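Asks: In the order they appear, the protein sequences are chains A and B. Going by our numbering, the residue at position 289 of the first sequence is 289; the numbering climbs one at a time, nothing skipped. To convert a position in the second sequence, counted from 1, into our numbering, add 1000.
Hints listed in this document are in silico derivations from the structure and should not be mistaken for laboratory results. None of these values were measured; they are calculated from a predicted model. Please note that a few of the clues may not be correct.
Stated by the list, open to error - Selected chain A positions facing chain B (Cβ under 7 Å, derived; list incomplete): (1) Gly-212; (2) Tyr-282; (3) Pro-328.
Glycine included, C-beta positions come from ideal geometry on N, C-alpha and C.
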Amino acid sequence: MTHTIFKSIKLINPATNFNQRVNVIIHNKTIMNISKDLNLEKFNKDNQTIIYDCEGLTMSPGIFDIRVNIGKTENLKFTQITAAESGITSMIILPNQTPKLNNPSIIDHIKRQSEDINLPKVMVYGAATKDLNGLEISEIGLMSEMGAIGFTNGNKSIKNSLVMRRLMSYATMINRPIIQHAEDEDLSGLNQASTTSVRGEMNEGEISTRLGLIGIPACAEVIMIERDIRLAKLTGAHYHVAHVSTRDSVNVIREAKKSGLNITCDTAPPYFSLNESKLLTYNTAFKLSPPLRSEDDRLAIIEGIQDGTIDAIASDHRARSKDTKVQPFSAASVGASGIETLFSITLDLVHKKIIDINKAISFLTINPAKIFGIDSPSLEEEKLADFIVFDENEPYTIKKENLKTSPTPFDGKKIRGKILATYINGQVAFMNQIFKNKIIK
Amino acid sequence: MNKLFKNNSKVSKSVPVKLSSHHLLAIEGMQKTEIQKLLDRADHFANLDKNTDTKYLSGYVVLNVFFENSTRTRVSFELAARRLGAEVINISLINSSIKKGESLLDTASTLNAMKPDLLIVRHPHSGAPLLFAEYLSCSIINAGDGRHEHPTQALLDALTIKRRVGYLEGLKISICGDISNSRVARSNIHLLTTMGAEVRCVAPSTLMPSSLEKLGVKCFNDMNEGIKDTDVVMLLRLQNERMSGTENPSEREYFKFFGLDETKLSMASPNAVIMHPGPMNRGVEIASALADDTNRSLIKTQVEMGVAVRMSIIEALNHSKNKT
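All chains, full assembly: derive it from the sequences and hints.
Replies: So, in structure tokens, the structure goes:
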């Protein structure tokens, strides 16, 4: 039988707080052996054994990306393949796609459609309200039975307080979280008809004033979170705030967690690595929701990551076609690609000495699993071989022309860290040429 | 020293201005010397007799592309280009291609394929002319983009002030009204602060944009305070089409607190002049009698200076392109 040996690889396993250089042997889709010493002679005689020289490389569990939009430019399979190439082994997709993920049969359909053993596992957030209209609660119990992992209105907030209360209350019965895009859309001008020119376009402040773009005040985010926290207290629900982007939000969530409420949150790479000054040339790749905030907000997101107020880092992938982005800023679509840069931008936090590598990997793997009560991935003997191999230090420049999804807000950024291989369910889902060349036998 | 400066100034007035760019997209970022030269050259054009031959640009093709309604700016650009001997084609795209679903860039590249030398663009979206400049090969003039900038308006306002008062540096200028939605205000703030004037902005707090003081101006919600001892009172139109109905209780309340009348004007310097980019709402932003007071109001001069300023800009862009 074939053995695959990863010789002298740094194994990071956050679940057991393990970080050591070892040899890992894969056999029959499972991790057969993890050891410091390796008797190669035994395997040298075996013609079917493959040995990779992994000096300088790192192995960790695969990334669990908890916020992926499948937009019009993509289909599920394409996104799965791109995700595998980016080190993602499971992901949760949002309900605001076409058709909307708002009933049990479509949840079941997505599950079956994505059931390729060799591609990242796809999980689903069901639509919290019928047709995502924000008015009536959808069949969250039935969707939950079909595997929906949580409920949300996608990229629009659940605005009506009574609807939110009922949703939270009902969700406690099925033990699922309510995920909120936190934004007071009246305050940010998004509830205005699309023809009026008073819709919020970017963060409010000096730069929006200079550019003559409509500002969205930062407090539009925390206002919604504060209301929701009170409703979570009233109902006992598990409330999860998606893509947190402001200092006030981090502060409020920190306090709510201290008080013992079941509240979790995530952020995305743009919010800890970029700020609103990127918009100065009207570059629509930076038109995001929530909008890029001030430098002070960015620093607060980093503090939230450091002290654990923020639980997870998600890609917030929302790829858009060039046609909808090569437009005047006000007319351009909202969102940017994320899955292809999630790993390297998160690793940038390690190179900048903001967090250590174990913690960075936790934010992408076991932390998101904990939020949703899923078994944490762990690289131990006799477990299924589900992992990624990467070079922590490989320097390169992110170039938009080298990415499969667009637009990227990280074009031209010099970073270090590259995914070399992704194993899903014990099989190679992706392996690049650099890694193939590491073969010694 | 003074004499030397005057001589130099005369020399520079007789030749086209060379700019660092072959576009005019915004005042923000422009050098003081460039602004000075454009104003001097425009001053020269303003002094010329209407029958003087200034047809330096024969064969030069100008497309006046307006995605938003305009009368004075469009006509002013057209006159300026014609006085320079250029060919002008006016295109109103308020109801045509946009409604057919064609993207802005497709419209732009279609126009570009006709090989104009200059595209004069007015667009309801801030930053749209930058997009044109990025993708098209011809020169672009921003004739007003959303709430962003209206650079030629600021230049003509500056020329109007200079010709009346004689200088800009150290002058106290109050810009009053709907600052939030005004591209005229932004261009004027950048130009006047660059030229060393003391700029104050007066607006109700709902029409005062966030962190405006970071642009180097003083902000006031009380008009009497904001125009105290000022040399120029510049009024802005209430841009109701860019509002959501939550900014202003009523026109009469606005006039009470922010409309210019004799009482408020008495706070300003005794020789203070009044300006308005037009079109004005009489009895809302300004008392009708003041608008017509030729001793105080420069509103008609502003319109007149528009042609001279635009001549100097069109000529400069042509000159700057040829030399780069």
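Asks: All the hints need checking, so say for each whether the structure fits it.
Replies: Evaluation of the provided hints:
1. Gly-212: Holds, because the Cβ-Cβ distance from A:Gly-212 to chain B comes to roughly 3 Å (cut-off 7 Å).
2. Tyr-282: holds (4 Å)
3. Pro-328: holds (4 Å)
Comparing the model with each numbered hint stated earlier shows that all of them hold.
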